[in-house]
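Add chain G with the ligand to chain P, keeping to what the hints say.
Protein sequence lines, in the order shown, are assigned to chains P and G. Numbering-wise (the UniProt record's numbering), the first sequence opens with residue 1 and increments by one. Numbering-wise (the UniProt record's numbering), the second sequence opens with residue 1 and increments by one.
Worth double-checking, as some hints may not be accurate.
Chain G stretches covered by chain P per the calculated footprint, using a threshold of three residues with CB under 8 Å from any CB of chain P [what the hints assert, rightly or not]:
1. 61-72
2. 110-116
Taking CB as the label site, the calculated pair distances span [claimed, not checked]:
3. G/Pro188 / P/Arg42: 48 to 58 Å
4. G/Asp83 / P/Ala386: 21 to 31 Å
5. P/Ala386 / G/Gly199: 31 to 41 Å
6. P/Val287 / G/Asp167: 49 to 59 Å
7. G/Arg36 / P/Val118: 17 to 27 Å
8. P/Pro375 / G/Ala87: 56 to 66 Å
No lab work stands behind these hints, which were simulated from the structure alone. As the structure is a computational prediction, the values presented were derived from the model and not from experiment. We put the beta carbon where it would ideally sit given N, CA and C, even for glycine.
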Amino acid sequence: MAYLDHAATTPMLDAALEAYVATAREVGNASSLHAAGRRARRRVEESRERVAAALGARPSEVIFTGGGTESDNLAVKGIFWSRRAAGAGRDRVVCSAVEHHAVLDAVDWLVRHEGAEVSWLPVDAEGRLSPQRLGAELDQHGDRVTLVTAMWANNEVGTVQPVADLAAVAAGHGVPFHTDAVQAVGQVPVDFAASGVAALTVTGHKLGGPTGVGVLLLARDVTATPLLHGGGQERDVRSGTLDAAGIVAFAVAVETAVKAQQEYAARVAALRDDLVARVRRAVPEVVFNGDPVDRLPGNAHFSFTGCEGDALLLLLDAQGIACSTGSACSAGVAQPSHVLLAMGADDDRARSSLRFSLGHTSTAADVDALITALPAAVDRARRAAALRSTPR
Amino acid sequence: MRVLAAMSGGVDSAVAAARAVEAGHDVTGVHLALARNPQTYRTGARGCCTLEDSRDARRAADVLGIPFYVWDMADRFHADVVDDFVAEYAAGRTPNPCLRCNEKIKFAAVLDRAVALGFDAVVTGHHARLGADGLLRRSVDLAKDQSYVLAVLTREQLDRSVFPLGDSTKAQVREEAARRGLAVADKPDSHDICFIADGDTRGFLAGRLGEAPGEVVDALTGAVVGSHTGAYQYTVGQRRGLHLDRPAPDGRPRYVLSITPKTNTVTVGPAEALEVSTVRAERPVWTGGARPTAPVECEVQLRAHGDVVPATVELTDGGLHAELRRPLRGVAAGQAIVAYRPDPAGDVVLGSATITA
Ligand SMILES: Cc1ncc(COP(=O)(O)O)c(C=O)c1O
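Excised from the complex, chain P in its bound form (with noise of 0.2 Å):
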């Protein structure tokens, strides 16, 4: 099998799983005053510690979570209903367009259910944000908005965005800035206090840790409402019993993609750039989507014109190589990715586009198996696209 999705999510790394096993054989609740308690919080909290050194942020800094998802929905709902409550007429998010559904549909119900004003962050062709069209927006709306949230690097094209750039304008209108580096973390470098962000959405899954723990380095001044009450965990904004196993796991992925980024960088980036060109020969009319120069090392994303993404996805698995078409409902019906669409791609375009996403266990021969079996493939969805047009 050719495993092309890493953005997905990647496997998890030798010494995460054993740091994980090891853990998960101890009994003890962080919480308690016992010796137990005691041994769990050490590792919970020699892990904060570890995962603030890799990311340059403040272990106080550190909230761990159950994951992406709910580390941007802390942020996004939990700083708007903060600031709302801080400042009278406060009710504004400034959201990119090509956000991840966990920050895109978080704003989305804060519209819906909790009266928000939106405005949305444009992206050129390529996906990437402008701090100019940001500083308009806050030169206009400045005093009304709760916070701007932005990624880190997209989870679909690939594209970086120019974070630091997008923070400083915010910090400048005083509008605290989150972003969601899940996709960033141990792909490019991530510093939380050099970037200037307030806060940081991160997960274990796509950097070789365990699914379903994460982390939200939040800035000190920066007060965010809970999601979940209870035990008071967390600097009270996460409650929750931690998960000893999963945290010392996710530190140990953490440090050891951030240490190895530099390296794995170069060599996934040449292996990607390898693929890119490859398709491009097997299949001339791809049209390479994102930024060319500012993006993911492992990411490419192409549109297959006259293809349709989600029939190349299932004659490509048919040859045991696995991808994504980069988004999906729940009812698992393909919509034309909102990505795309804000890049300003039609339907078509949108619908056809298909990512390959390397990660570190991603080698020359899966690249191999791919452009072996593209066109045949590429062949095959167009003959299936072209009924489409021509129904009997």
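For chain G with the ligand alone, coordinates are given in the frame of chain P:
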């Protein structure tokens, strides 16, 4: 063979897919998303197109260990089945949407796409037999037989279809599903029309076609005996819900004899006036052998689960003409006439056509 199993989320299609796997085929499961808004279709275990059904289908595919995808056929389904359903009623006919779905969606849009993608055939959980001889036959389970709604399929369509359930009764299928650990083993059968959420066909049509008040006329006297709010709400042979202002002079019950969209009139009459011995139909297909050049002695069925009567059937220029040996009541334009040849190994579908008169 590489086959595509259409999986509705029900027990039949799950077992059909399982049997295809067992027969050694390379099977891929596909659930057809037919609803533009899944919530508007039947919810729970009765329908064919809800999110829950999609999950049931996926779960069954996972148990079988086959790839599974959802294909969005909502636009085609709405154009070819739902809109057609409404238009047929508006034209005074009585459509069969399941038949139309087979003709236009499952064994057309889906099959064509499957073939283009390199599949050899489509597998469904219909209760009908289709053997090596290429003949379509009734299921051994006559109560569940679906050959009537498959009789529209052409030779080319049948040649790319696999119906693994025709030799089993529904009870056997359920038992097998349970044995195979398929959670849908006890799922209730779907009924009625999947895209009419509450089963209220009249309400559905009224919502689409609006109110169109008109007269109910007695065929014998020519007198206006009542009024209606939309002729599309009536089906030939219908007795209930006529709400006639006065009883017929002969005191006998009245039935809908015909619907005339042009004048928006519903014509009613006594039971015997419903009796039909001559049936004309259009768009015939003939798959039970070579296209006949002379009248054929056979049996015909004029509606799903309807009576079967001996008849002589003749293919005419672009149509089909049947003389029934025994008159039938409630023959509605828009329904299919299906000709069968009685056979101890399962009655064979000879052909079918859409009733015009
Ligand atoms: C950019 C982005 N944000 C958030 C998420 C959700 O993270 P999780 O799967 O940990 O909930 C994902 C992954 O699916 C992602 O790619």
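Evaluated hints:
Counting residues of the region 61-72 of chain G whose CB lies closer than 8 Å to any CB of chain P gives 5, which reaches the minimum of 3, so the coverage claim holds. Using a Cβ-Cβ cut-off of 8 Å, 3 residues of the region 110-116 of chain G lie near chain P, which meets the minimum of three, so the contact claim holds. At about 55 Å, the CB distance of G/Pro188 to P/Arg42 agrees with the hint of 48 to 58 Å. Range check, G/Asp83 to P/Ala386: Cβ separation about 24 Å, and the 21 to 31 Å hint holds.
In this structure, P/Ala386 and G/Gly199 meet the distance hint of 31 to 41 Å, their C-beta atoms being roughly 39 Å apart. For P/Val287 paired with G/Asp167, a C-beta distance near 50 Å keeps the hint of 49 to 59 Å intact. Between G/Arg36 and P/Val118 the Cβ separation comes to about 26 Å, which falls inside the hinted range of 17 to 27 Å. The beta-carbon spacing between P/Pro375 and G/Ala87, approximately 43 Å, falls outside the hinted interval of 56 to 66 Å.
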